[in-house]
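J.: The lines below spell out each chain.
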Amino acid sequence: EAQVTQNPRYLITVTGKKLTVTCSQNMNHEYMSWYRQDPGLGLRQIYYSMNVEVTDKGDVPEGYKVSRKEKRNFPLILESPSPNQTSLYFCASSLSGLRNEQYFGPGTRLTVT
Amino acid sequence: GESVGLHLPTLSVQEGDNSIINCAYSNSASDYFIWYKQESGKGPQFIIDIRSNMDKRQGQRVTVLLNKTVKHLSLQIAATQPGDSAVYFCAEIGTSYDKVIFGPGTSLSVIP
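Chains V and Z, in that order, give the protein sequences. For the first sequence, position 50 (counting from the first letter as 1) is numbered 310 according to our numbering, and the numbering increases by one without interruption. For the second sequence, position 52 (counting from the first letter as 1) is numbered 95 according to our numbering, and the numbering increases by one without interruption.
Isolated chain Z, as found in the complex (with noise of 0.2 Å):
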């Protein structure tokens, strides 16, 4: 598969365990945050977004954080399976332009 890139900070979790991984965002105007799921040699994935009037927001074994205060947002995933084993990053969007920053990403990797 395509390699997403090196040095990516790496989180390792046993299988059942909860993850979560954190990512700082850069621009206080940004006003929609999304997290992405890429697997090796795939696209990225849109798993869960959040806008900026909230500060919690859950799915489907996920939860998003976000903490304007310091530009912090964290992904949540209860019961880690392998198949979570990916690249994650957030982007960020603000309110007045229509660009997208992304995060380097952290990779997960998930213990058996």
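The following block holds chain V by itself, in its conformation from the complex (with noise of 0.2 Å):
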């Protein structure tokens, strides 16, 4: 089944303890990209990648780094996290782009206290 997966799928951790949300894809997709989702506000982006070894800043990366040492993986590291950033954050892959169908993972729900 042609799908992403993300884990964990909850997550309660202190601040500044550092984590690792996982993001995995088999549809052999090019484009691979994390968003955040906070009541009011929508999906923002907070990094892309293009293709392996390739990432880019979103419009909210302060806090968060990413890698793409594979295809199929794109993991999100928060190094230190921080209360603000206690949110809904989902995964998605595409073919090549944006402007080819974006399939999203089921979501991580972080808090940090």
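Careful, some of the hints might be misleading.
[To be verified] Short, incomplete list of chain Z residues facing chain V, as computed with Cβ under 8 Å:
{"no.": "1", "residue": "Ala72"}
{"no.": "2", "residue": "Tyr75"}
{"no.": "3", "residue": "Gly86"}
{"no.": "4", "residue": "Pro87"}
{"no.": "5", "residue": "Phe89"}
{"no.": "6", "residue": "Lys142"}
{"no.": "7", "residue": "Val143"}
{"no.": "8", "residue": "Gly146"}
Worth flagging that the hints you see were computed from the coordinates, not collected in a lab. C-beta atoms are modelled at their ideal positions from N, C-alpha and C, and glycine is treated no differently.
With the hints as a guide, bring both chains together as one complex.
T.: Shown next as structure tokens:
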């Protein structure tokens, strides 16, 4: 089944404790992206990757890192999480960019206390 | 399921009626638009897209209308069903940048 998977689905952590949210797709997509979703603000893009070893900042990259060492994986790293990073996070992938249909993962609910 | 947002505009329709969901987009340079559906506890799901050289595009039970003059996008759902209950939001992408802007969404509730 073609899908985007994220882990963990739920995470409660404390300020400053490094964490990684994994994202994997099995569709051989070149484009992958991370978004956060907050009440009243809609989805906002954090980082995206056009292909392996190519990443770029989205609209809200502060406090986040990403890597794209393999085509299928695009982990999101929070080196020192803060409470304002409490949010619902989505990973997405598409064949070659934003003008192709994006497939979203199920989401990761992160709470930073 | 996950809450996708508070204070969203809400639209309630009777099962079998048509639904119209509106979206005002922000950038006149945007040339590609997408409608997404997000059910509770799930990620957004692509419904239909439209390019700026079109005014209307139809899919299965859905129609998207684009009015570039007033920067307005609408999604029409024919014969709305209980399974259509979800949050719907639009997204815009521009010609000069590879970035996407999402609208805040509208919550559609279908009354059986």
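J.: Tell me if the interface restraint on glycine 86 (chain Z) is satisfied: Cβ within less than 8 Å of some Cβ in chain V.
T.: holds, 3 Å
J.: Taking 8 Å as the limit, does the beta-carbon of glycine 146 (chain Z) come near enough to a beta-carbon in chain V?
T.: It holds, given that the least Cβ distance between glycine 146 (chain Z) and chain V is near 6 Å, below 8 Å.
J.: Holds or violated: is there a CB of chain V closer than 8 Å to the CB of valine 143 (chain Z)?
T.: Hint on valine 143 (chain Z): holds, closest Cβ of chain V at ~5 Å, below 8 Å.
J.: Does lysine 142 (chain Z) pass the interface hint, meaning its C-beta sits closer than 8 Å to a C-beta of chain V?
T.: holds, 7 Å
J.: Quick one, is the tyrosine 75 (chain Z) hint okay against chain V at 8 Å, beta carbons?
T.: holds, 6 Å
J.: Against chain V, is alanine 72 (chain Z) within 8 Å by beta-carbon distance?
T.: Where the cut-off is 8 Å and the nearest Cβ of chain V is about 14 Å from alanine 72 (chain Z), the hint is violated.
J.: Double-check proline 87 (chain Z) for me: the hint is only fine if its C-beta lies closer than 8 Å to a C-beta in chain V.
T.: holds, 5 Å
J.: Taking 8 Å as the limit, does the beta-carbon of phenylalanine 89 (chain Z) come near enough to a beta-carbon in chain V?
T.: holds, 5 Å
Hint check: a violation occurs at hint 1 only; the rest are consistent with the structure.
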